[in-house]
Amino acid sequence: MRYIDEYRSPDILKGQLERIGDHQNSISLMEVCGTHTMAISRAGLRPLLAPTVDLVSGPGCPVCVTSERDIGKAIAMAGMPDVILTTFGDMMRVPGPQGTLVEAASRGAAVKVVYSPLEALALAEKERDMRVVFLGVGFETTSPLTAAVTLQARERGLDNFYLLSLHKLIPPALRALVTMEGFGIDGFILPGHVSVIIGSEAYSFLPEEFDIPCAVAGFEAADILQAIIRIIEMKEGCPAVSIEYSRAVRPEGNPKALDIMNQVFEPEDAEWRGIGTIPGSGLRLREDFRHHDAGAWEVDVPPAQAESRCRCGDILCGRIKPPQCALFAGECTPENPVGPCMVSTEGTCASYYLYDYRKGDDLD
Amino acid sequence: MTEELVTMAHGGGGTRMRELLEEVVFPLLGEPLLMEAEDAAALTMPGERVAFTTDSFVVKPLFFPGGDIGKLAVCGTVNDLAMRGARPLYLTLGLILEEGLPFSVLEEVLRSCAEWSREAGVGIVTGDTKVVEKGMADGMYVNTAGIGVIGEGREVSIKGAAPGDILLVNGFIGDHEVSVIGEREGFDLQVSVRSDCAPLGGLVEAMQEAGDLHALRDPTRGGMAAALKEMASSSGTAVELVEEELPVREEVRAVCEMLGLDPLLLANEGKLVAAVPEEEAEKILEAMRGHSLGEDSALIGKVTDGRMGEVSIMTPLGSHRLLRMPSGEQFPRIC
Amino acid sequence: MCLAVPAEVLELKENDMALTELGGVRKDVSLMLVDDVKAGDYVLVHAGFAIEKIDKVEAEKTLELFEEIAKLDEVY
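Chains as they are written, first to last, in the working numbering: chain U, 12 to 375; chain X, 45 to 379; chain Y, 919 to 994.
If we strip away everything but chain U, and leave its shape as in the complex, we get:
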């Protein structure tokens, strides 16, 4: 497969790993994006990077950071008699106050997994007497898509198409992270596909205000290793935001996608599960599109569960590693997840459990 296989060549990867290994000091880097966490785990990079590079997984996992109340809203809507809730597969097993979407479906709620929001639009066209709600999760990679689909809905007069926007933004979250007490990361591996949309200038505050070097990385192993090599170089030189995914990322991003996003959405404060409210970090539909906004519906949501000993918040901010949470691999497993970090297969804890952890290993 072109533009994929070449970047997985073991010869290249071995050379890159050696280059990283040559470096004397050890550093701690955060990969922001859940897809990066998965890619690193699948390629088996973590053990090969230690001890020079310690990788910490950040909060760029939309499934992990969607609040319990928001999932509760979606599940409540799915249970309404004339509603079909369409969603990306990722959300099906996230626990809300009433359980998960999978469980709601088994109780009779109309839930349909789609690969693309275009399918939700097509469904709205086909089922004119049903209200089709699309559960919009994801960061800036995905929000232009739901914006485009909402524009189409308006154009085609599909009044029965609604969007429940739970979209969030990465740069405000990064700002919140670096200003958190106890935050001690040497550099960021920035999300490649979010950056395709927003470009690299959006992150310039990181080196400029906080002296933190960052590299925008693609998702093949060679891309990730290259980003690490670059960050190490910048640590010794001058911190900046470096694009290491130039075949897809331009400094200005994708202006057309940004424009469509801005036509439909405006920023608002948003609640990040495990972290709290981050100002200006969410997207809501503009007034113009309120008639497609499921977020405006009156919905009965049961109260969220009381905070348990779940430490997803600390995990998402990179303060602790999964084995340091008392629930990890005991009460909290992929089969029985307590917190969001274990629910999503790309969540830090699930990824760690699925790919790295060995039963009986010493917990740090």
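Worth flagging that the hints you see were computed from the coordinates, not collected in a lab.
Listed below are the simulated PhoX-like cross-link pairs for lysine-lysine, each with C-alpha atoms no more than 20 Å apart in a straight line:
id, chain 1, residue 1, chain 2, residue 2
1, X, Lys273, X, Lys203
2, U, Lys123, X, Lys104
3, Y, Lys956, U, Lys267
4, U, Lys25, Y, Lys989
5, X, Lys327, X, Lys346
Being a predicted model, the structure only gives us computed values, none of them experimental.
Using the hints, position chains X and Y against chain U.
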């Protein structure tokens, strides 16, 4: 039959049902014992050690590239028997039909059952038909039971995998599930991959002629991951796979990249994974490659005395990652 | 949120769509978020939409850089 659609009356036990059996089911399946239409088929088993299995088939859509629910039912049942080292002999066929199912669909499925039971060397000797209301059964559900005999020294169990054994698979993994995904409404993917659905009795016999099989499993739902996990857990061993050796077609890889799926978790319907003694691996592999259902057979890993039930994969870089049992349905993802 | 794959554009279709191919698998994707796409281009596909065109020149440069790094280490 003059009707074009199945109605509730066809399941009613009266004359309509009689007509259905005598004019459609029996002629298409063409099995003498079946046509005796007794309450049960009386059989004499050529041996004392009997393998007995049951399965239900609810696949959607009913027809997919490389197969249909009928072929799936026959092969799936035959393969369960073959995985125990048994020679499959007789099958039952229970049909649950949705009211309104076109007769042409039923006939097509029955023709497929007849064709594949002949291919597999089994007889469909007894069966049952029920009709349920419109909206149930997704067109048609099929239930089967299968019976076969295990010859002297031929019995295989998944408990038999032993440290040092080599793991073999008879070809490309993930084909079946991808062929069905392509047909699934909404995903709008055009794939040319066909289901690998096939009866494996003959392949297993060829393998047993060539050497000793310690354990066998067919990786259906849950894919290779589930099959290997079960094999490792049951036999108290660990399994180590070599990622580079796993045979996966480019199209299947592409679909997995697009939808965020893992080939090891995809269902197969014409595959087996075998744990064989190291010294016999080459001979058995050769026998597999000489068989039409094993041309792309590969050596994919080994059984070790590591942590019980653990399945790990060695990446092309030499590092290891763990494979866990999938907890439920694999959904496509965007993250 | 970042699962996107590079696919080749085979032909443009109506309604701002294009037929693309990756590894022999074909899929229609929306071009609503990109401009100036033609057959033979490669695009990054996320959830049924092309989100960017792959810059073939940059892709080549990147690969060369990676290969440089790999070779350099052989010398050591």
